[in-house]
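**Student:** Sequence:
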Amino acid sequence: MSRILIVVSFFFLCVGAAGIVNGQTGVGGSQTSGLIFPPQGKHTHGSSLVKLSNGDMLAAWFQGSGERGADDVKIMGARMSAKTKAWSEPFLMADTRDIPDCNPVLFLNSQGKLFLFWIAVQANEWEYSIIRMRTSVNYLSPGAPVWNWQDNILLKPDDGFAREVEARFKDLPANHSGWSGYAPRYDKMIIEAAKDHEKRSIGWMTRIKPLQLPSGRILLPLYSDGFNLSIVAISDDNGESWRPSLPIVGRGPIQPALALKKNGHIVAYMRDSGDDPTSVQTSESADSGYSWTAAQKTEIPNTASVELLVLQDGRWAFLGNTIGDGRYRLTLMLSDDEGKTWKWREDVENDENKAGRYSYPCLIQAKDGLLHMTYSYQRAGEGESIKYNVVDPVRIHHE
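Be aware that the sequence shown starts at 526, since it is given in our numbering, and climbs by one per residue.
No lab work stands behind these hints: they were computed from the structure. Warning: the hint list may mix true and false statements.
The calculated label-pair distances, taken between Cβ atoms and stated as ranges, are [claimed, not checked]:
id, residue 1, residue 2, range
1, GLY594, ARG710, 27 to 35 Å
2, ASP801, GLU717, 22 to 30 Å
3, GLY849, ARG710, 18 to 26 Å
4, GLU650, LEU738, 30 to 38 Å
5, SER635, MET714, 36 to 44 Å
6, LYS608, GLU691, 50 to 58 Å
Backbone N, C-alpha and C fix where the C-beta goes; we use that ideal spot for every residue, glycine too.
My request is simple: use the sequences and hints to build the entire structure.
**Tutor:** Quick look at the structure:
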């Protein structure tokens with residue numbers, strides 16, 4: 526198996542509050558990677574990343590004493606200067622007072638406007654989450670962007686949502702495992718819940734970056750822990766307004782990552798939150814993200830994370846937890862046939878002792894072709910941080 530060659534302009538070391546904090550060799554002695562800030566005791570998770578027009582990198586994550594049950598959770602960020610190649614001290618990006626803020630997503634639309642999407646977890650329950658959005662056109666100076674607009678994204682799925690849920694479950698193989706004869710079937714419970722207009726109007730959550738189509742349409746991937754399935758928020762006015770797609774129905778397809786195929790169809794790869802064995806689930810849209818086929822399991826093992834990106838050379842890149850028993854391995858794979866096969870593969874992280882947790886990655890490609898990624902870095906006894914890698918996909922060789 527080949528090893529990834531990490532390309533950096535300088536010998537890459539990340540800088541935090543105390544200066545240089547971490548430069549270490551990764552798998553096989555061939556990776557150079559670094560932490561955005563020193564490991565600390567707060568829970569740190571769910572990162573997102575964009576490259577700005579001046580060459581700076583802007584990262585965001587959520588941080589606090591827990592997740593949905595901790596009211597001190599807020600959205601934090603840091604900036605890596607294009608000149609110094611050093612990360613700034615973390616700064617505040619968003620904080621809804623006394624409510625947990627989680628799952629930030631950064632995005633630059635085709636007009637250069639910066640978006641920050643995240644969720645405010647009302648009642649400390651995922652099922653009551655509200656999608657929030659901030660925008661900025663003044664974000665090139667050091668520190669946090671200057672936000673010029675903030676609003677909630679409120680979606681109102683109509684009765685078509687319920688009809689689609691019922692119809693797509695009929696497309697799935699029958700599965701009654703785990704239920705007694707007198708217990709309600711999983712599919713039936715979700716079908717009934719979909720008829721409740723209150724339930725289907727709240728609880729949608731962000732995780733993965735949007736996809737902007739050549740037409741200008743923006744697709745913001747969302748998911749629900751209540752319904753245990755996904756949906757897409759659609760904008761045809763560069764993010765000014767949003768409407769819901771039909772649901773992506775299956776038994777546990779959540780946190781979709783989107784890719785545009787050469788034939789114009791859109792593919793969603795999703796984390797498996799359904800029945801065993803867990804593996805990446807996939808669905809396809811032939812109408813620019815509005816309707817979706819029933820989600821099907823692939824042969825890629827999966828427990829926690831999925832990220833997907835179409836590269837400039839036409840290949841697809843997948844980054845996620847390709848194991849069935851944890852988050853101790855994070856793998857980058859490449860495909861030259863739009864996901865039918867994955868001929869290039871490299872473990873970005875692989876803790877054979879299973880003590881580490883590396884998950885919830887963000888993957889982008891810069892104009893020079895390099896891949897930039899961030900992901901949650903959690904090791905027992907060491908604290909938590911966000912890790913950053915730069916990878917040259919040209920140097921990932923065929924297995």
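**Student:** Against the structure, test the hints numbered earlier, and report the numbers of the ones violated in rising order.
**Tutor:** none
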